[in-house]
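As they're listed, the protein sequences go chains A, B and C.
Going by the working numbering, the first sequence opens with residue 1, and the numbers climb by one from there.
Going by the working numbering, the second sequence opens with residue 1, and the numbers climb by one from there.
Going by the working numbering, the third sequence opens with residue 1, and the numbers climb by one from there.
By construction, these hints were calculated from the structure, which means they are not laboratory data.
Take these hints with a grain of salt, some might be off.
In the SDA-like style, the derived pairs of lysine to any residue whose C-alpha atoms are separated by at most 25 Å in a straight line are [said to hold, decoys possible]:
(1) C:237 / A:115
(2) C:257 / A:241
(3) C:112 / B:18
(4) C:86 / B:11
(5) C:257 / A:118
(6) C:86 / B:13
(7) C:287 / A:143
(8) C:383 / B:276
(9) C:86 / B:105
(10) C:257 / A:126
(11) C:86 / B:74
(12) C:106 / B:180
(13) C:86 / B:191
(14) C:257 / A:143
(15) C:86 / B:276
(16) A:241 / B:137
(17) C:86 / B:123
(18) C:257 / A:7
(19) C:257 / A:115
(20) C:22 / B:273
(21) B:191 / A:289
(22) C:237 / A:4
(23) C:24 / B:274
(24) C:24 / B:11
(25) C:237 / A:5
(26) C:106 / B:74
(27) C:24 / B:2
(28) C:112 / B:147
(29) C:237 / A:7
(30) C:22 / B:272
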Amino acid sequence: MTAGLLLEQGFNGLQFGLVLFLMAIGVSLAFGVMNIINLAHGSMLMLGAYFIAAAATRTPSFLIALFVALAGIAVLASLIELAIIRPLYARGHLDQVLATFGVSIALNEAVIMIWGREAVFIAPPPWLEGFVRIAPGLDYSVYRLSITAVAVLAGLGLWLLLARTRLGMQIRAGAEKREVIAGLGVNIRVLFTAVFVISALLAALAGVMIGPLLAVQSGMGDPLLILALAVVVIGGVGSLKGALVASLAVGLIDTYGRMVWPQVLGDVAGNIMANAAVYVLMAIIIAWRPAGLFGRAHAH
Amino acid sequence: MRIRAVLLALLFVAAALVPLLGEPYYTKLVVRMAIFALAAMSLDLIVGYAGLVSFGHAAFFGLGCYAAGVLPMAGIHSALVIFPAAALLAAAVGLLTGAVSLRASGLYFIFITLAFAQMVFYIAQGMRMLSGDDGFRLPAPTLIGDLPLTNPNVLLYLMIAILALATWLCHRLMQSRFGYVVQAARDNQLKLAAIGLNAYPYRLALYTVAAALAGIAGAAYANLTEFVAPATMSWVMSGELLFMVILGAVGTLTGAIIGAVVFVGLEQILSGYTEHWLFPLGVILVLRVLLLKK
Amino acid sequence: MKRLAFVALALALAFPVHAQEKLKLGFIVALSGALGLPGAEQRRGFEVALEHLGNRIGGLPVEVFTGDSKTNPQATVQELSRLLEKDRVDVLMGLTGSNEILAALKPVTDAKVFFIGANGGPAQAAGEGCTPYYFNASFQNEQLTEGVGAFMSKQGVKKLYLLGMDYEAGHEHSNAARKGYTGDVAAHVFTPINQVDFAADIAKIRASGADGVWAFYPGGPGIAFTRQWAQAGLQGKIPLFSNVALSEPLVFQAQGKTALGIYVTGVYFADIDNPENRRFVDTFRKKFNRDPASYAAMAYDATMLLDSAVREVKGNLKNQEAFRAALKKANFKAVRGPFKFNHNQQPIQNTYAGIVEARKDGSLYIRRTGVIQEMRPDNFASKCSMK
Chain A
1 MTAGLLLEQG FNGLQFGLVL FLMAIGVSLA FGVMNIINLA HGSMLMLGAY
51 FIAAAATRTP SFLIALFVAL AGIAVLASLI ELAIIRPLYA RGHLDQVLAT
101 FGVSIALNEA VIMIWGREAV FIAPPPWLEG FVRIAPGLDY SVYRLSITAV
151 AVLAGLGLWL LLARTRLGMQ IRAGAEKREV IAGLGVNIRV LFTAVFVISA
201 LLAALAGVMI GPLLAVQSGM GDPLLILALA VVVIGGVGSL KGALVASLAV
251 GLIDTYGRMV WPQVLGDVAG NIMANAAVYV LMAIIIAWRP AGLFGRAHAH
Chain B
1 MRIRAVLLAL LFVAAALVPL LGEPYYTKLV VRMAIFALAA MSLDLIVGYA
51 GLVSFGHAAF FGLGCYAAGV LPMAGIHSAL VIFPAAALLA AAVGLLTGAV
101 SLRASGLYFI FITLAFAQMV FYIAQGMRML SGDDGFRLPA PTLIGDLPLT
151 NPNVLLYLMI AILALATWLC HRLMQSRFGY VVQAARDNQL KLAAIGLNAY
201 PYRLALYTVA AALAGIAGAA YANLTEFVAP ATMSWVMSGE LLFMVILGAV
251 GTLTGAIIGA VVFVGLEQIL SGYTEHWLFP LGVILVLRVL LLKK
Chain C
1 MKRLAFVALA LALAFPVHAQ EKLKLGFIVA LSGALGLPGA EQRRGFEVAL
51 EHLGNRIGGL PVEVFTGDSK TNPQATVQEL SRLLEKDRVD VLMGLTGSNE
101 ILAALKPVTD AKVFFIGANG GPAQAAGEGC TPYYFNASFQ NEQLTEGVGA
151 FMSKQGVKKL YLLGMDYEAG HEHSNAARKG YTGDVAAHVF TPINQVDFAA
201 DIAKIRASGA DGVWAFYPGG PGIAFTRQWA QAGLQGKIPL FSNVALSEPL
251 VFQAQGKTAL GIYVTGVYFA DIDNPENRRF VDTFRKKFNR DPASYAAMAY
301 DATMLLDSAV REVKGNLKNQ EAFRAALKKA NFKAVRGPFK FNHNQQPIQN
351 TYAGIVEARK DGSLYIRRTG VIQEMRPDNF ASKCSMK
């Protein structure tokens with residue numbers, strides 16, 4: 001266990017945590033503002049990766065492809081919100097869980113029907129290839145650093161949106177006291193659609209960024225969604241700060257854990273723990289603080 | 001209520017007559033329906049009656065499956081030991097995890113039940129002596145006397161009996177004071193507190209009973225497929241069980257049974273038509289939720 | 001003379017050759033689930049075989065009943081029930097996952113229907129779980145990898161780092177990889193099944209000073225590993241060995257240039273030079289615009305094997321002893337080269353080594369470099385009591 005390895009893993013953990021953060025804020029916002037549980041969030045990540053892969057074959061510019069892909073996701077998310085999510089606001093959690101679960105099953109299969117079962121190839125843009133020396137003897141992938149940068153920018157952008165714009169104020173008000181914003185004469189419908197689309201875009205952005213690192217295939221977003229759910233629970237629903245803290249914590253725990261557990265517990269137990277650690281943490285947090293670290297007890 | 005009981009009785013009679021067709025395929029299909037009917041009904045206790053969405057019920061189903069698979073390795077073959085053991089194992093895990101999960105509510109409850117199920121899943125996946133993720137063949141059938149439960153006819157009659165008994169038991173339970181407290185808690189927890197009742201112990205007891213029933217279904221499933229694998233505990237399986245509950249009518253025991261029958265049937269029919277059977281299944285789920293209110 | 005004729009007539013009437021009108025074939029592979037991609041490839045190989053045979057197997061018109069094992073052994077059992085008990089197929093072929101095969105052994109034995117495996121072969125099925133009703137026309141799992149140990153030593157690897165996915169096959173293959181390897185082992189690591197980020201492991205490999213890496217990652221994780229390996233700058237710096245699970249025509253598209261230089265072992269490569277394979281690859285390329293993966297070739301061979309056996313018994317599958325003997329004979333020319341069955345009905349065949357290279361037009365292919373195991377039976381035959 002060298003210092004270099006620890007540092008490299010620290011960066012990896014941070015990067016993973018920030019990707020989780022992009023997923024988690026989407027979930028947290030959706031629940032905080034609209035009281036909706038969305039299990040199709042993982043599909044948004046997956047579609048983000050697929051859309052940019054499709055767009056990249058038609059245009060040489062990565063940025064144009066990115067724009068097109070995100071625009072596509074925005075459109076799709078709006079349609080889903082209008083057709084499926086809107087009727088669910090008034091329904092209970094069971095209906096929301098099941099309907100969005102159904103959407104994710106259908107989308108996972110739709111992707112196979114359109115693009116086939118083969119994993120799709122996305123190459124990172126050439127100007128993000130290569131390595132940079134972040135410490136003596138440690139070359140870190142530029143692309144991985146860029147993921148961190150993009151996630152940080154997205155987080156900042158979101159914070160600016162929430163703290164400095166009218167829309168953001170409405171969103172925050174909605175998250176705090178839903179009844180109030182209706183009284184303020186805000187068009188709830190438009191607000192909710194906006195929040196849903198923003199969440200989807202964040203997830204799609206995450207998909208676009210990790211696509212080149214992984215295999216782009218059906219269901220690729222689901223494991224991350226489950227982790228993001230754990231993050232939201234740990235951090236507390238509706239809390240941006242909670243989502244950030246929990247994401248980074250989970251990212252680092254997961255990444256370092258995969259190194260440490262097998263060493264401490266042996267191969268078999270170590271691998272089990274490497275997989276289960278986040279869930280154990282979630283259980284502990286719930287037992288100690290049922291509303292999460294920074295969450296407010298929600299009356300519903 | 002009467003009509004439902006009659007319908008159910010008719011369903012059971014119809015099921016009992018299937019072996020007379022002499023088509024093992026249909027017998028096994030009906031057994032499958034009965035097994036998932038029991039599992040779905042046990043989940044409906046939590047979801048429909050207690051109003052809590054559990055996304056981790058498959059863990060108990062899978063634990064029952066593993067019990068039926070592991071006990072023969074220790075030389076135990078009798079159903080009189082295996083089924084209670086499966087129920088007990090599932091109930092024990094249900095009690096422990098339920099004790100923590102039920103401290104949360106709403107969104108948190110959903111996620112924490114999912115988390116616990118994932119933990120159980122990863123442990124099963126990690127058990128190399130049981131071939132981990134691959135799973136293993138059922139070493140020996142569970143026996144009732146001399147009759148092996150791997151014989152679909154035997155298993156069918158056993159499942160009909162178990163399902164009938166379980167339905168009756170659950171019905172009595174939900175009609176009792178215990179059941180009223182649980183349902184009242186679903187509807188308004190504050191009012192309950194006002195009369196000095198804490199829902200927690202009632203819910204925990206119900207959660208444990210539901211887990212035990214799912215465990216029994218799991219043990220039967222191991223005999224039906226003669227194979228035991230972690231996939232029975234996956235979150236996908238938990239989702240499928242919820243799907244079955246809602247396909248019927250949530251909060252009625254017969255609804256869960258119907259839902260399971262429809263789901264198993266749909267799955268068979270759809271996957272016969274297309275390899276992309278998951279797509280129409282997903283669409284059906286969405287439509288069912290959106291178009292048909294409780 | 002009359003007596004002879006009478007006896008001949010009596011014999012002819014006593015043993016009527018009851019040939020079938022058509023052959024009902026159950027083709028069951030993973031069409032959905034994690035192994036849906038290899039399953040689809042198996043189906044392609046099967047389609048090419050049927051085309052070459054004019055939609056007849058052993059001269060009989062064939063009616064295909066397709067089943068989806070859904071990458072789930074319990075779903076497999078359910079599908080087998082449908083094929084065996086409802087559709088009443090005469091013979092079964094396919095399956096994709098080793099645990100699916102395990103789950104299938106009892107149903108096919110109980111139903112007394114022959115099953116020809118077209119992908120993979122778990123140890124149990126070759127050893128103590130063997131049944132006369134299961135013929136493995138693909139490979140016993142270890143056959144894909146065994147021999148690479150000696151190969152790596154020959155390539156000059158002195159300090160080897162082994163990585164595998166932590167499930168049955170991962171252990172089987174990585175243990176097989178070590179056999180015959182004479183150098184030092186830096187580490188033998190198993191990563192959790194769900195892991196798709198290998199940054200930590202790659203960093204550890206770099207830190208270990210290993211001069212050779214053997215890794216087993218199928219499917220999505222395999223693609224992820226290869227891409228991350230290249231991104232970490234190790235492609236070309238440290239030789240990477242694996243078997244065809246990590247890199248072959250099915251995943252070349254997704255791996256792109258990152259697959260170049262990987263040494264792979266397997267029982268089939270598209271560039272095997274014999275008339276049957278040339279014909280197979282030719283048709284496959286015309287139909288699907290790329291080289292076939294081994295899954296397709298195994299399914300092709302399985303179909304040809306079945307064809308030869310049905311032909312041998314002249315369509316009379318009712319005489320199971322004769323049919324079994326005909327299958328065992330394996331009197332067909334396999335696209336993978338020499339092929340015969342061992343007494344446990346598992347293959348005796350070559351294992352080849354190859355390296356992923358690019359053709360002039362940029363497309364990737366596996367260039368076969370040699371045979372690393374010659375006509376080797378599997379290691380579990382002694383545990384099987386069949387004759």
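> Among all the numbered hints in the text so far, which are the ones the structure does not match?
Replying inline: 1, 2, 7, 8, 9, 11, 12, 13, 16, 17, 18, 24 and 27
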